[in-house]
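> We have chain A already, so just place chains B, C and D on it with the hints.
Residue numbers (our numbering), protein chains in the order written: chain A, 140 to 479; chain B, 140 to 479; chain C, 140 to 479; chain D, 140 to 479.
Hints in this document: simulated from the structure, not taken from any laboratory. Nothing false has been slipped in among the hints.
Subject to a maximum C-alpha distance of 25 angstroms in a straight line, what follows is the list of computed SDA-like cross-link-like pairs (lysine to any residue): (1) C:Lys154 to D:Gln165; (2) D:Lys451 to B:Glu267; (3) B:Lys407 to B:Pro424; (4) B:Lys451 to D:Ser268; (5) C:Lys451 to C:Glu439; (6) B:Lys407 to B:Asp325; (7) D:Lys443 to B:Glu267; (8) A:Lys154 to B:Glu157; (9) C:Lys451 to A:Asn270; (10) B:Lys451 to D:Tyr259; (11) B:Lys443 to A:Asn172.
Quick caveat, the model's predicted, so the values are computed rather than measured.
Each chain, written out:
There are 4 protein chains.
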Amino acid sequence: MLFFVNDYGYGAHPKVLEHLTETNMQPLTGYGNDEITASAAEKIKAACACPEGQVYFLTGGTQTNMVVIDALLRPYEGVVASSCGHVNTHEAGAIESTGHKVLTVPHRNGKLDADDLREYIETFYADESHNHMVFPGMVYISHPSEYGTLYTKNELERISAVCKAFDLPLFLDGARLGYGLTADTDVTLPDIARLTDVFYIGGTKCGALCGEAVVFTHGNMPRQFETMVKRHGAMVAKGRLNAVQFDALFTDGLYEKICAPAVRLALKLRDGLAAKGYRFAIDSPTNQQFIIVENSRLPELGGKVAYSFIEKYDAEHTVIRLATSWATTEEQVDELLRLL
Amino acid sequence: MLFFVNDYGYGAHPKVLEHLTETNMQPLTGYGNDEITASAAEKIKAACACPEGQVYFLTGGTQTNMVVIDALLRPYEGVVASSCGHVNTHEAGAIESTGHKVLTVPHRNGKLDADDLREYIETFYADESHNHMVFPGMVYISHPSEYGTLYTKNELERISAVCKAFDLPLFLDGARLGYGLTADTDVTLPDIARLTDVFYIGGTKCGALCGEAVVFTHGNMPRQFETMVKRHGAMVAKGRLNAVQFDALFTDGLYEKICAPAVRLALKLRDGLAAKGYRFAIDSPTNQQFIIVENSRLPELGGKVAYSFIEKYDAEHTVIRLATSWATTEEQVDELLRLL
Amino acid sequence: MLFFVNDYGYGAHPKVLEHLTETNMQPLTGYGNDEITASAAEKIKAACACPEGQVYFLTGGTQTNMVVIDALLRPYEGVVASSCGHVNTHEAGAIESTGHKVLTVPHRNGKLDADDLREYIETFYADESHNHMVFPGMVYISHPSEYGTLYTKNELERISAVCKAFDLPLFLDGARLGYGLTADTDVTLPDIARLTDVFYIGGTKCGALCGEAVVFTHGNMPRQFETMVKRHGAMVAKGRLNAVQFDALFTDGLYEKICAPAVRLALKLRDGLAAKGYRFAIDSPTNQQFIIVENSRLPELGGKVAYSFIEKYDAEHTVIRLATSWATTEEQVDELLRLL
Amino acid sequence: MLFFVNDYGYGAHPKVLEHLTETNMQPLTGYGNDEITASAAEKIKAACACPEGQVYFLTGGTQTNMVVIDALLRPYEGVVASSCGHVNTHEAGAIESTGHKVLTVPHRNGKLDADDLREYIETFYADESHNHMVFPGMVYISHPSEYGTLYTKNELERISAVCKAFDLPLFLDGARLGYGLTADTDVTLPDIARLTDVFYIGGTKCGALCGEAVVFTHGNMPRQFETMVKRHGAMVAKGRLNAVQFDALFTDGLYEKICAPAVRLALKLRDGLAAKGYRFAIDSPTNQQFIIVENSRLPELGGKVAYSFIEKYDAEHTVIRLATSWATTEEQVDELLRLL
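So that you can see chain A by itself, here it is in the shape it has in the complex (with noise of 0.2 angstroms):
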C-alpha cells in the first residue's frame, strides 16, 4: 500500500530522533526553561533574522493557535480568518471553547483576500449596533493554506497594512510552512517574521513527531504567556520533547533541506497526473495536491494507495488528496504514477 494519505504518517525525520537520543541522558530544567529549549529558539530567531523575536515551543497546531488566539483576544474579540481556515472547520470548536467567535470572510482559493478583510472591518465598524457585535481583534490566516496554496509577498504585504491600519494582529499558521518556504514562491522565514505579529513554524508535518515553534516576531509576547499556556494543559514538562526536535530541524538548514523535495515530488505527481489528463480541484504549488477521480475508479485506487477523501466534485466524481512528506520517495510517486 502507497502511502499518501497526509503528512503525519511516519515518525521523525532521522536527525530529529538522533538528536532526541543523543541529549536523552543531559538532566534538564523542566517546562522549556532549560539550554537547548535556549539554543533552538536562538536558531529559530536567526532563521528569521528576528533577533527581536520570542519563541516558545507547543505540542500541536489546534493546540497552538488556540492558545495564541486566546493570549491575544480580548473578551469581547473574536478573530477573523477565511471561511475553509482550519480554525473555522476543523478543530472542534477549540477557539470557541475559550469563549472566542470565529468571524469568516469567504476565501479566495484557500486564501484571506485584503480587499475582503477590510471591507469586513470597516462594514463592521460603519454598523450603528457594533457595540453588540463581536469585534475584529485578530487576523488568522495559513501559509501554505488549507488548499495548499500559498500568499505571495504582496498578498501578504497588503494583507499586513490591512492589520496595521486597525490595529489588528497578524497570526501565520505554519503547520506546513517547510512546504511553503520550499516551493516557488517569494516569501521567505525573515518576510514572515517582517509581515506577522505572531506565527508559528509547524514540526509536526514538517519531519517531528510532534511540535510547533510560536515566534512573536516582536517582543510581544502576551505577559504570562507561560502561564496561559499552562492553563489551556498545552505545557509539557519535559521542554526538551518539542525543543530537541526543532534545534535539529534548525541546525545547518534541515528543516527546508528535508521539506525541498516533498515539494518537488507532489509537483512531479500533479504533472504526471496531468499529463495523464487528470483534472485539480485547486491548483497546489506544495506538498497536497488536490485530484478530481471518477468514482468508479476509487475502489481499485484504495486498495492500491492510502488517500484522503475530500469531498464529491460532482454526482460522478471526487475529489481526493494525496500529500507528500519529507519521508515521501521517489520510487513511491513513480508507483503511484503507474498505478494512477
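Positioned in the frame of chain A, the structure of chains B, C and D alone reads:
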C-alpha cells in the same frame, strides 16, 4: 551537580526511545486510529485486568486532568478535590478555564479522607440553598499524592463507596503511578481499575518523554470523547507519539521494573538521612522525599545538588524535595548521602 | 419627533404596570418559587395547550438564548442557525462565551430552510473528519425572524421533522412572538408548542418592561436548569419582576390583544408607503418594515422621525427600519405617512 | 405570617414604582443610551462625590459580580475573596463559568482582613512555581458582608492600601449597601468611591424591583464594557428598567431614607431578643440578624414567622436569619418580639 530536583529531568527510558526508533518509518493512520495505539491499549487493559476498559493517550498531566474533568462534569457541577490537589494548586486555573469550580476538602497527609468527603457532600445537600451552589459532580484524588503519600486499599475502597453512594465518578490522577505501584502498598493496578471510574497512568514522570494513558474502567468513556479532546487542543496528529511509548512501557512489565528502583533508592535516601538525624516534613513511601533543612546549609547544598524548594518550615528551616526517578543511580544516591 | 425606531422604546403596557403595582406589597418567596410565578406559568401553559410544559422566566432575549442553548448543548456541539440569526450577529458572542459555536446556514428571506438544514447535517455526517468538527447539537430559529418574516406552519413542520430525524432539539426565539401570532399566519401558540422542544415568548418587545417566558414543551427542562440560570447570572432574586408581568400579559389574552394593533398599523404603513411608490427590502407581514429610502431624503426625515438605519442598499439608497409596537397610535402612523 | 425571611420579599418602594409609572410612556433610546440613565448616573456620581465616576446599571447581584470580575481580570488571573464571599459560595459557579478561579482567604467575622490579604499575595509571589498558579488579579469584598458585618473606614483603608501596593483593583459588592451606609458606621458613600476601584450600589435588596448600579470610580471602566455586558446576556433592551428605579432612589436621598428604618428595626429586634436571653451567631449591626434558636422551638416559630435557615449550630440549636427591609414595619417587629 547531582540531579534530584524532580522526576522529569531526563528524557525517555532507553527502551522507550528504542521503540520510537524501531517503529519510526512505519506509516500509521493519524489521531490514534493506528495499530500501535490499539496494541498499547490492549497491553494496558491486560495489566489492569480490565477487559472492558477504554484507553486514550494524552500528552501531559494538567491536560489530562482538564480534559477528563471537563468531559465528565455537567455544566453546573464542580470537582471535589483535597485542598492540596494538583488541580487546585498548580494548574494555573486549567479546570476553571473549562468553567468548573474545584470544590476543596482539607487534606490529611496529602490525601482526601472518605469521611471528610461524605460530610462535604451531605452538608451540600442539606443546605437549603444548594441549588444556588456548585454541585459536587465527581471526585479527584492523586495516587501518589502531591506529598508522595499513598492510599491504602481500604482507604480507596471507602472513598469509592462514598462516590458510588452519591453517584459521583471517581477519578484518580496517576501522574506518578509507577512509583506508587512499586512502593510498599496493598494497592495494585487492577485494584485501581476496579475502584475508580477513570484514572490515568503517568508516562511523563515514569519513563516516557511525554504521555499519560487515560483508562475509563467500565465502558464509560463519554460520548465523542475524542471530539472533546480535539476541542481542548489535546489531540496529537501523530498518535504514535504517546502510544509507542506506552507500548514499550507495558511490554514485559517495563513500567514497574523501571519505577521500582527509584522507590528503593528514595527509601535508601530517606533511611540514610534519618540515620543522620534529618527530619521529614511528611512520611513519604515513594520517590519524593520532603526534608527539613537548616537554611544556613542551603547555599552550600545548592552548589552540589539540584533540589526543589517547597516551603519555609520555620524561621530557620526550609522544606526541600529530593526526587528520584527511573534514571537515578545508586551512585548518585550514595554521593548525595555523603554530601548531606 | 415620531418614534418608530424600535419596539422597545416605551415602558410597559398600563395593565402590566398596574399588576406590578397591585401585587407590590405582597410578600413573596424569592427566585421564582412563589405563587404568582406559578400562576403565570399555568396561564402560559394553557395558552400553549401544553399541560406538560415547563415555564421559566428570564429577563432578556440574549440572556435567554445563551442560557437555553448552553443548557441544551453537549460540550462538543454547536447550535445551527441561519446566517442572519440574532445569536450569530447581534449578541456580542454570548453563545461563544459559553464555549459553543454557532453553525450557520445561509438564510432565505430571513429564515432557515428545512432542506438547507437537512443538507447541512447530512454533509456534516458524511465528512470523514467530522469527529474533528463541531457537531450540530440543536437548531435555532426566530419567529418572526430578524427581518420580520414568518414561518408557515408547513415550514415549521418540515424543520421540526428534520430535527426529529436527527434527534436535535428545536429552539424558537420568540422575542417578537406577539407580533408573529397576530399577523396573517396559520401558526398558533399551540402549534409552536407542539413543533418545538423549547421556545420563548418575548415580553420585552411585546408589552413588558422586561421578561421572556421560556417554555420547555414536553417535560424536557434540563436537570438543574435553575442552577444553570444562576450560574449565568440570569436568576433574579425577585422572581415577581418577570412573573407578574407575564401574569398580566396572559390574563384575558392581553398579549395578543395589544400586539395585534401594532401589526395592523405596520401593514397600514406598508400599504400606504407602497401606494406612494416606496420599495421594501423585504416583504414583512409583521411590525417591522424595511424601507428603501433615497439617501438625500434621510436628513430631513431624521429631523422628524426616529428610525433605525439597517444597511446601505446601493450608492444612493439606504434601508431603514420603521417599527410599530403595542404603544404606537393610529395618529402616529397617519402623521408618518403624511411626512414620508 | 410575619415575613422576615429576607430583604427581597416585597416589590419596589412606592416612590420607585411611581417613577416607573410616570415615565412609562416617554419614548427612550434603548440599551441605556437615554436621558434617564444619564440623569440617574449623575445623581449617583453626586452622591458618591465622584465626578470622574462612570456608572452602569445591571439587573442582579450575581450578574454584576460575574460581569465586573470577568471584565477586570486577565485570563490568567483570579479574584481574591474571603471564604464566605458570595462569589465563592452562592453563585453556582458564575465566576468560574467565565474561566476564573476564586482565590480564598479565611474570613474573619465575615470580612477579609488586610493582613491576611497581604500575606496571601506575598506567599503567592514567593512561591517559585507561581507561574503555574492562578495569579491574584483583583480583590472582592462585600459591605455589608454575608453575615451583615461592616468594615470600618480604617479596615477599608488598609485593604485599599494592600491593593494599591500590588496593583490589584478593589471591588466592593454593595448588594445591601443601603443597610450598611445607614448603620452605625464611619464609612460613607464617598469613602467607598475613594477607596475602591469599582463597587456597586444594590437596588434589588434596597427598595427596587431589580437593579444594581456599578460605579467605576476613576475613569477606569474597561474598554468596550458595554459589549462585555451584552456578551454575558446582561444588557437590558429597556435601559429604563434599572435606571428609572435608581433615578428615584437617588432623588432626595431616598435610598438612605428607606434603608435607615430597616436597620433601626433590626437593632430593635436584636436588642429585644438579647434582653430575652437569645444568643447571636454573629454580632451584626445591619438589617440581618443571626439568632441561635433551640431546635424544639422551630416548628412553632415556623408556623408564625417566615425566616431563613442558616446552619446547624450544635445538636440542639440552629442558626436562623431574621432580615428586615425598607418594607418592614414597627408593628411587625413588635409582633415578632412578642412571639419569640
